[in-house]
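Chemist: Sequence:
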Amino acid sequence: MSSPSSTPSGDVVPDPEIAREQEYVSMLHGRLDELREQARRRLASVLRHTGGTPQERSQRDSNIAMYTDQVAHYGAVDNGLCFGRLDLDSGEARYIGRIGIFDDEGDYEPLLLDWRAPASRPFYLATAAAPEGVRRRRHIRTRGRQVVALDDEVLDLSEAGAHGPHTRVDGITGESALFAALGASRTGRMRDIVETIQAEQDRIIRADPRGVLVVQGGPGTGKTAVALHRAAYLLYTYRQELSARAVLIVGPNETFLRYISQVLPSLAETGVLLRTLGELFPGISARRVESDDAAALKGRAAMTGVLEKAIRDRQRVPDDALEVSFDNEPLRITREIAEDARHHARRSERPHNHARSLFEIEVVHALSLELAERIGTDPYADDPLGEDDAPGDPQIMEEADLAEIRRELRADPAVQTALDWMWPVLTPQRLLGDLFTSAERIAAATPELTDAERALLLRGPDDGWTPADVPLLDEAAELLGEDDRDVDLLAEYRRRQQAAYAEGALEILHGSRPIDLEDEIDPEILTAADLLTAGILGERQDEREYRTAAERAALDRKWAFGHVIVDEAQELSAMAWRVLMRRCPSRSMTIVGDVAQTGDPAGTSSWDRVLSPYVAQRWRHVELTVNYRTPAEIMALAGQVLAEVDPAMRPPRSVRETGVPPEVRALDPAALVDEVIAAVRREAAGPEGRIGVLVPTADLATLGPLVPGAAVGAAADLDSRIVVLTVRQAKGLEFDSVVVVDPAAIVAESPRGASDLYVALTRPTQRLTVLCPGEVPKLLVP
1 MSSPSSTPSG DVVPDPEIAR EQEYVSMLHG RLDELREQAR RRLASVLRHT
51 GGTPQERSQR DSNIAMYTDQ VAHYGAVDNG LCFGRLDLDS GEARYIGRIG
101 IFDDEGDYEP LLLDWRAPAS RPFYLATAAA PEGVRRRRHI RTRGRQVVAL
151 DDEVLDLSEA GAHGPHTRVD GITGESALFA ALGASRTGRM RDIVETIQAE
201 QDRIIRADPR GVLVVQGGPG TGKTAVALHR AAYLLYTYRQ ELSARAVLIV
251 GPNETFLRYI SQVLPSLAET GVLLRTLGEL FPGISARRVE SDDAAALKGR
301 AAMTGVLEKA IRDRQRVPDD ALEVSFDNEP LRITREIAED ARHHARRSER
351 PHNHARSLFE IEVVHALSLE LAERIGTDPY ADDPLGEDDA PGDPQIMEEA
401 DLAEIRRELR ADPAVQTALD WMWPVLTPQR LLGDLFTSAE RIAAATPELT
451 DAERALLLRG PDDGWTPADV PLLDEAAELL GEDDRDVDLL AEYRRRQQAA
501 YAEGALEILH GSRPIDLEDE IDPEILTAAD LLTAGILGER QDEREYRTAA
551 ERAALDRKWA FGHVIVDEAQ ELSAMAWRVL MRRCPSRSMT IVGDVAQTGD
601 PAGTSSWDRV LSPYVAQRWR HVELTVNYRT PAEIMALAGQ VLAEVDPAMR
651 PPRSVRETGV PPEVRALDPA ALVDEVIAAV RREAAGPEGR IGVLVPTADL
701 ATLGPLVPGA AVGAAADLDS RIVVLTVRQA KGLEFDSVVV VDPAAIVAES
751 PRGASDLYVA LTRPTQRLTV LCPGEVPKLL VP
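The opening residue of the sequence shown carries number 1 in the UniProt record's numbering; numbering runs sequentially from there.
Calculated directly from the structure, the hints in this document are not laboratory data. It is possible that part of the hints are untrue.
FRET-style restraints, in silico, Cβ to Cβ [to be verified]:
id, residue 1, residue 2, range
1, Arg-407, Thr-50, 45 to 51 Å
2, Thr-68, Gln-429, 19 to 25 Å
3, Asp-556, Pro-669, 48 to 54 Å
4, Arg-665, Ala-302, 41 to 47 Å
5, Thr-625, Ala-560, 50 to 56 Å
6, Leu-555, Thr-237, 26 to 32 Å
7, Ala-130, Pro-585, 38 to 44 Å
8, Met-66, Asp-208, 42 to 48 Å
9, Ala-184, Arg-239, 28 to 34 Å
Since this is a predicted model, take the numbers as computed values, not measurements. Where is the CB? At the ideal position from N, CA and C, for every residue including glycine.
All chains, please: the whole structure from these sequences, using the hints.
Modeler: Shown next, in the form of structure tokens:
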């Protein structure tokens with residue numbers, strides 16, 4: 001039921017105001033329903049049409065995609081369609097919402113402004129000191145389609161003066177709406193912040209997309225939400241370019257991507273590809289877990305040199321000679337021939353697979369001369385009787401004969417087997433699979449590593465890929481080059497099939513004419529057979545696939561994205577950065593993270609260190625300084641841990657207090673499980689909300705299943721009220737209440753354990769419990 005609400009200066013907004021806004025919001029929802037129904041009708045109409053020419057089918061597929069997107073968009077923005085209103089000094093009123101809606105029956109006047117439109121920006125930036133022509137800003141809070149409250153901010157100081165000075169939290173706009181959102185229970189999915197974007201966030205969201213923008217932000221500053229809203233803004237503002245090239249968002253793990261998956265659809269945007277690092281190589285699903293030490297080793301930039309050595313190790317020459325039988329003639333590929341061919345191929349500096357053709361040309365040429373020397377000389381030149389050939393006798397074979405011999409040699413299976421041994425065509429999967437399953441190959445490619453480090457790279461032949469392998473696969477693909485011969489052969493086969501089909505169709509067309517009409521046809525009259533060739537007709541029958549840019553990008557390793565957004569970017573290794581830079585040659589990127597929260601041993605503590613190899617000093621740095629999620633009481637405790645990570649760092653400033661200090665308890669190690677269960681039950685009996693139990697990695701498998709009603713691990717259902725995770729799995733997530741188990745073990749299990757503990761302590765929005773077997777660690781003692 002609707003209820004009155006108050007202005008920041010204490011004024012009660014009367015019920016008639018809610019009624020008036022309800023009338024307008026209902027009208028907007030009516031227009032939204034009309035637009036959605038119109039899109040549904042058009043979609044149904046297009047789906048009823050089948051067949052037609054290829055062009056007609058192409059147009060139909062495009063329309064199907066367009067109307068399907070429209071139906072999805074209109075459905076996604078129903079909740080919270082209109083959330084604000086600006087009353088301007090000019091007397092104009094602007095309503096702000098998730099999408100733009102216009103009056104089709106009038107002069108196409110805006111009924112609702114898209115939040116990303118330039119005219120909407122004062123809703124996020126206007127203040128009493130700089131009102132930007134705004135007299136009053138109104139936040140319209142809805143539940144479903146019902147207006148439940150209004151929150152007014154009067155920015156005209158003369159009008160507000162009757163109520164005395166207006167005090168607000170520094171830098172915060174829309175306090176009532178913001179604190180209502182912050183106090184709401186979490187649902188297991190991130191919500192958008194479109195109704196409560198703050199000025200420092202808005203400036204980042206609308207920043208120029210050119211170049212690399214680094215957004216540094218501590219826990220709870222909303223950096224992930226800012227990154228997602230930036231994607232929505234860029235897709236709206238640069239629609240033509242980015243809809244063709246797509247936007248890539250890279251997250252730290254699958255749990256995180258599921259957590260944020262609903263934000264962009266709620267903002268009416270779907271042209272985005274969400275991926276983890278382990279999913280950036282098409283056809284590879286990298287889910288195997290390996291040790292932190294192994295992952296850190298694979299993440300070193302020096303692994304590029306290791307791969308180069310591994311490839312050169314596969315470019316072999318025989319110790320003496322390789323013998324091949326061709327047409328019952330024994331031929332020898334000597335070491336000298338192979339070395340000359342290898343030198344010629346390497347000198348070209350082509351990728352390995354592309355240089356194979358040069359190597360093959362040199363070897364086959366040498367074999368053809370050897371064969372010609374044996375069978376193609378003129379024995380009568382110096383010996384009138386012609387009894388035998390002798391070395392140095394004049395050649396009687398012409399170049400055409402030698403070319404035929406080379407063609408036959410190249411097609412000979414024995415010759416190809418020898419060539420494959422000396423210079424095999426390799427896939428990235430084969431190169432790395434052969435390398436990491438062979439101690440001998442690892443030793444040959446890593447002379448600078450210790451035996452212990454080499455042992456980290458060795459794995460079994462049936463082991464799957466890990467996320468740290470994906471950058472290596474991508475680097476190998478660059479060094480090897482793609483072998484397109486099979487693709488080209490398949491394309492040629494299909495082309496010939498189409499041509500044969502077209503020729504048959506034209507023959508039927510010509511032969512189906514009545515016999516008595518043959519003599520009556522004027523030879524100057526053109527028929528279809530005269531206008532169409534088999535090639536043209538075959539091309540018209542070519543079946544094409546119509547996918548969105550994001551769908552095509554997911555299948556294409558070499559796709560160049562229009563913009564790339566990386567969240568938790570501080571965790572990426574040097575090799576991972578090489579992958580991302582290849583995906584975005586324009587360097588239009590938004591890098592989001594917090595170097596104080598770096599937990600991965602392969603991660604970084606310096607943005608300059610990871611970016612300068614690619615853009616030198618040509619990158620911009622902005623910082624989010626306000627913590628909206630974590631209460632001040634909890635942040636004070638987390639700040640002690642941050643001082644351990646880096647004494648020079650300061651935690652972000654919390655905007656609110658809850659009056660509930662964190663509970664840090666020492667307990668008997670033998671009673672740990674019982675204490676965890678008891679703490680979770682206490683939280684579950686309290687206010688509604690989600691509970692996160694964060695445990696050391698080593699305890700997840702044993703402790704997780706013992707927590708009643710809990711979902712456990714990376715594949716946990718995020719809609720579950722209770723979730724047991726490691727700290728790495730909880731990165732980027734938030735819970736109403738958090739129970740941190742054994743902080744000392746969390747710190748001890750990683751070289752950057754203090755950063756992991758800092759992350760764990762800053763996940764809650766309301767309450768924090770820390771259970772310490774034995775004594776409380778010193779860094780948690782007030």
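Chemist: Checking each numbered hint in turn, tell me which of them this model violates, lowest number first.
Modeler: Those not satisfied are hints 2, 5, 8.
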